[in-house]
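Asker: Chain by chain, the residues:
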Amino acid sequence: MSSRPLSIVLCEKDAARATMIRDSLLETGKHDIIVIDTDAGIAQRIAELNPDLVLIDVESPTRDVLEELTLASGPLDRPVAIFVDRSDSGLTQAAVEAGVSAYIVDGLRPDRLRPVMDAAIARFNVFRRMREELAATKAALEERKIIDRAKGLLMRAKGISEDEAYALLRRTAMDQKRKIADIAQALVLASEMLR
Amino acid sequence: MSRIALTAGFVPLTDAAPLIIAAEMGFVEAEGLALTLRSSPTWSRLRDDLAFGLVDAAHLLSPMPVAMTLGLGGVEMAIDAVQVMSVCGEIIGVSRAIAARMRDQGHDFAMHDARAAGAALLAATGGRLRIGVPFPFAMHTELLFYWIESIAGARPQGLDIHTVPPPRMAEALAGGEIDAFSVGEPWGSIAVELGAGELLLTGSAIWSQAPEKVLALRHDRVEANPEVTARLMRAVWKAGIWLADPGNLLAAAELLAAPHFVGVRADILERSLSGRFVITSEGETRLARQFLEFGGLAPFPWRSQGEWIAARLALRHGLDPAQSRGVGRAVFRPDLYRRFLGPAGARMPGASAKVEGALEEALEIQTPGGTASLPRNRFFDGGIFDPDLG
Numbered sequence: 027m028s029s030r031p032l033s034i035v036l037c038e039k040d041a042a043r044a045t046m047i048r049d050s051l052l053e054t055g056k057h058d059i060i061v062i063d064t065d066a067g068i069a070q071r072i073a074e075l076n077p078d079l080v081l082i083d084v085e086s087p088t089r090d091v092l093e094e095l096t097l098a099s100g101p102l103d104r105p106v107a108i109f110v111d112r113s114d115s116g117l118t119q120a121a122v123e124a125g126v127s128a129y130i131v132d133g134l135r136p137d138r139l140r141p142v143m144d145a146a147i148a149r150f151n152v153f154r155r156m157r158e159e160l161a162a163t164k165a166a167l168e169e170r171k172i173i174d175r176a177k178g179l180l181m182r183a184k185g186i187s188e189d190e191a192y193a194l195l196r197r198t199a200m201d202q203k204r205k206i207a208d209i210a211q212a213l214v215l216a217s218e219m220l221r
Numbered sequence: 029m030s031r032i033a034l035t036a037g038f039v040p041l042t043d044a045a046p047l048i049i050a051a052e053m054g055f056v057e058a059e060g061l062a063l064t065l066r067s068s069p070t071w072s073r074l075r076d077d078l079a080f081g082l083v084d085a086a087h088l089l090s091p092m093p094v095a096m097t098l099g100l101g102g103v104e105m106a107i108d109a110v111q112v113m114s115v116c117g118e119i120i121g122v123s124r125a126i127a128a129r130m131r132d133q134g135h136d137f138a139m140h141d142a143r144a145a146g147a148a149l150l151a152a153t154g155g156r157l158r159i160g161v162p163f164p165f166a167m168h169t170e171l172l173f174y175w176i177e178s179i180a181g182a183r184p185q186g187l188d189i190h191t192v193p194p195p196r197m198a199e200a201l202a203g204g205e206i207d208a209f210s211v212g213e214p215w216g217s218i219a220v221e222l223g224a225g226e227l228l229l230t231g232s233a234i235w236s237q238a239p240e241k242v243l244a245l246r247h248d249r250v251e252a253n254p255e256v257t258a259r260l261m262r263a264v265w266k267a268g269i270w271l272a273d274p275g276n277l278l279a280a281a282e283l284l285a286a287p288h289f290v291g292v293r294a295d296i297l298e299r300s301l302s303g304r305f306v307i308t309s310e311g312e313t314r315l316a317r318q319f320l321e322f323g324g325l326a327p328f329p330w331r332s333q334g335e336w337i338a339a340r341l342a343l344r345h346g347l348d349p350a351q352s353r354g355v356g357r358a359v360f361r362p363d364l365y366r367r368f369l370g371p372a373g374a375r376m377p378g379a380s381a382k383v384e385g386a387l388e389e390a391l392e393i394q395t396p397g398g399t400a401s402l403p404r405n406r407f408f409d410g411g412i413f414d415p416d417l418g
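Protein sequence lines correspond, in order, to chains A and B.
Positions 27 to 221 (the working numbering) are the ones given, in order, by the first sequence.
Positions 29 to 418 (the working numbering) are the ones given, in order, by the second sequence.
20 Å max Cα-Cα, derived DMTMM-like pairs, lysine to aspartate or glutamate:
hint : chain 1 : residue 1 : chain 2 : residue 2
1    : A       : 56        : A       : 137
2    : A       : 205       : A       : 168
3    : A       : 205       : A       : 169
4    : A       : 39        : B       : 199
5    : A       : 203       : B       : 57
6    : A       : 164       : A       : 208
Note that these hints are calculated values from the structure, not bench results.
Quick caveat, the model's predicted, so the values are computed rather than measured.
I would like the entire structure built from these sequences, with the hints used as guidance.
Answerer: Structure below.
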């Protein structure tokens, strides 16, 4: 079995993320990993490096540039890079869901690819969960701000306590079968229009 | 009765409007669908999401379903273009340095004369021309090759058309990485706003009836769920009619401007919806003819459109022309359009393929449901694409 190290290009602008992914990949073998952290001229650089595998975040706008690598531009080119291995759609599905895209040079053996892809998928899944949690936290914070403003409006307009204002919002939300944050948003918007 | 849940993906562009309006103005609800819209940062992401079932339907560049079915690019899969979502809408711009050179050489930036604009561009750059496009399989790419090859007589040695993500287009132009671009709105207007370039020409000046975006679904899903496909098609078709009403233009711009849709100022979106462009950062304006169309027969997926795309792709990528054209014909699905939208009241032309480029002016036609208008259909060089000829 060939033990030639795989050459892997990682397109990642965030240095901290790049290091984490690189470390995960190195746990699967002594690969030669090059990180590209700029967008300009990326297709040309990858063509020059001629790696076995290119990994990129699916959220990156640069992905469409890499699509050009899938088109053979000359008869003497190395075999065309393709999006993950066509023979293993489960692996491809897992990669798409995790948010990592892999461009792989045709002919790379699946047994050499599998551990690297598994490591990349696991790492990207961590990033995806972090991103989702961050978004959820932000949304919750926004909701709390709006609810606080709505409570303030009710307290001033009706001369009631904070607890009473919250109870009124909650009761209205239940009656309307809507979220408290939606009712609060409507109230804040209406008060701005009436100002 | 509970509604059928469906997810559709789009790339944040003005011409995602039919899908966004279908969801926002209640057209999908009226069809008993609960549609979730999912914004995609790139075309390859959206293609993968469609191929691997993360979305059920997608707003795709019209050459993408043909390329995927032909096996070009990263994912090979049979995809149907069940409906055309928009006709035309590409905009071509040049860097300020090249614009200045073209003005010095006497070009008027009239926006509608593709031959004059192309000749001036070639003269100003000496044929060494690097142009950014959003994706390898895009009408932008096909129209650029058609335009420049027709004017130069052959592909110029120094012509380099390559992918630049639209959010980077202005930066690439200002930094001298590219000399020109062809993109979908609002990116052309944004390049003007950022002072990186000037607008030169619309795609409609090259081909006045180029199918730009399509409503795309996996072929196997279309065959397995015709009823769901029919409902989505009706909703998107009704949204196209709504968008074609000039009275809805301002409302459409406001809806699209939301950060989770296109996320660009409404007054910039209005330019592409009305065809009234600001072409320089000094505020010069032009009115573009047939810039972007949603209504009338625009949504009809002509087999000849799919075949034109396949013929061009085959030529550039060395595929068998006859076989590829057959694939292109089959990817566009006028049969579904007739079956699902006929009963809903859509006008049906008497044939499902037409000679592309053969209509000098709009033509009124009689259809079983009443009169309809076939829009002007011209290639700038008088070229004709006849599906019956090899």
